[in-house]
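Engineer: Mapping of the sequence shown onto my numbering: residues 1047 to 1239, in sequence order.
Rather than coming from a laboratory, the hints here were simulated on the basis of the structure. Check each hint, because a few of them may be wrong.
Computed beta-carbon distance windows for the label pairs [unchecked claim]:
| id | residue 1 | residue 2 | range |
| --- | --- | --- | --- |
| 1 | N1080 | P1197 | 36 to 42 Å |
| 2 | N1237 | S1075 | 32 to 38 Å |
| 3 | E1106 | P1195 | 33 to 39 Å |
| 4 | G1229 | P1053 | 28 to 34 Å |
| 5 | S1051 | N1237 | 51 to 57 Å |
| 6 | R1099 | P1197 | 33 to 39 Å |
| 7 | S1075 | E1106 | 28 to 34 Å |
| 8 | R1124 | L1196 | 15 to 21 Å |
| 9 | N1239 | N1080 | 24 to 30 Å |
Every residue, glycine too, gets a C-beta built ideally from N, C-alpha and C.
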Amino acid sequence: SPLMSDPANGGYIHAPSLPHAATAAVLRSGYLANASAANPDTLSVNLSSDRVRLALSMLEGIRGGQSLGALLGYRFERGLHDDHGLAEVDKFIFPLRKQFPLVADRLATTKTGPDVPIEAIEARNVMDGLKLITSIRTSGVSAYPFGLPLPVATGAEANAINAEVNGLLDVYDAVADLALAEGVHQAVQGNFN
1047 SPLMSDPANG GYIHAPSLPH AATAAVLRSG YLANASAANP DTLSVNLSSD RVRLALSMLE
1107 GIRGGQSLGA LLGYRFERGL HDDHGLAEVD KFIFPLRKQF PLVADRLATT KTGPDVPIEA
1167 IEARNVMDGL KLITSIRTSG VSAYPFGLPL PVATGAEANA INAEVNGLLD VYDAVADLAL
1227 AEGVHQAVQG NFN
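Model the full assembly from the supplied sequences, consistent with the hints where possible.
Structural biologist: This is how it looks when you write it as structure tokens:
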């Protein structure tokens, strides 16, 4: 006889313990109740081991006193510098720092002009990766130059920058997924503090 399937069935949950199974059931229930064909990622949680390790490394940096914006900015700049040997994208780091400043140029009264190089403002700085993510999410433009007045990039340069932006969005999403799952897990256990 033919294999029967129910498209409305949410599937099985395999978990190492009953508390984990309860957490997974709550998360799965939220996903099934809210996701739609138009928005299939609504309340989807991806807790694969590589994403959990990535999110934990970000949270460890926050525990160490760094801001999420600085950690994301460092990761973005490091990726641009190290991962794209064929496309020279280091020249875009300083304009991106100027567009998404971490500390320098934040106050309107001390903001410098666009022609002032970032090296003259602050020596050891990275861009604010959280500001970049916020800009992308509010504008809906996730491809370089993100609808902003940034230097013109060749196709290979833009692809390299866009690849790093996608990686940054994935890190941010991994942190959000881990925080949501941990919050649900604690609530299911009755730990509301």
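Engineer: With reference to the structure, classify each hint as holding or not holding.
Structural biologist: Cross-check of the supplied hints:
1. Distance hint check: the CB atoms of N1080 and P1197 are about 41 Å apart, consistent with the given range 36 to 42 Å.
2. For N1237 and S1075, the Cβ-Cβ distance of about 20 Å falls outside the hinted range of 32 to 38 Å, so the restraint is violated.
3. Between E1106 and P1195 the C-beta distance comes to about 36 Å, which sits within the given range of 33 to 39 Å.
4. The hinted range of 28 to 34 Å is satisfied by G1229 and P1053, whose Cβ atoms lie roughly 30 Å apart.
5. Our hint of 51 to 57 Å for S1051 and N1237 is violated, since their Cβ atoms are close to 38 Å apart.
6. Take R1099 and P1197: their Cβ atoms lie about 34 Å apart, and the range 33 to 39 Å holds.
7. For the pair S1075 and E1106, the beta carbons lie near 31 Å from each other, so the given range of 28 to 34 Å is met.
8. A C-beta distance of roughly 19 Å is found between R1124 and L1196, which places it inside the suggested range of 15 to 21 Å.
9. A hinted range of 24 to 30 Å for the beta carbons of N1239 and N1080 is consistent with their spacing of about 27 Å.
When each numbered hint is compared with the structure, violations occur for hints 2 and 5.
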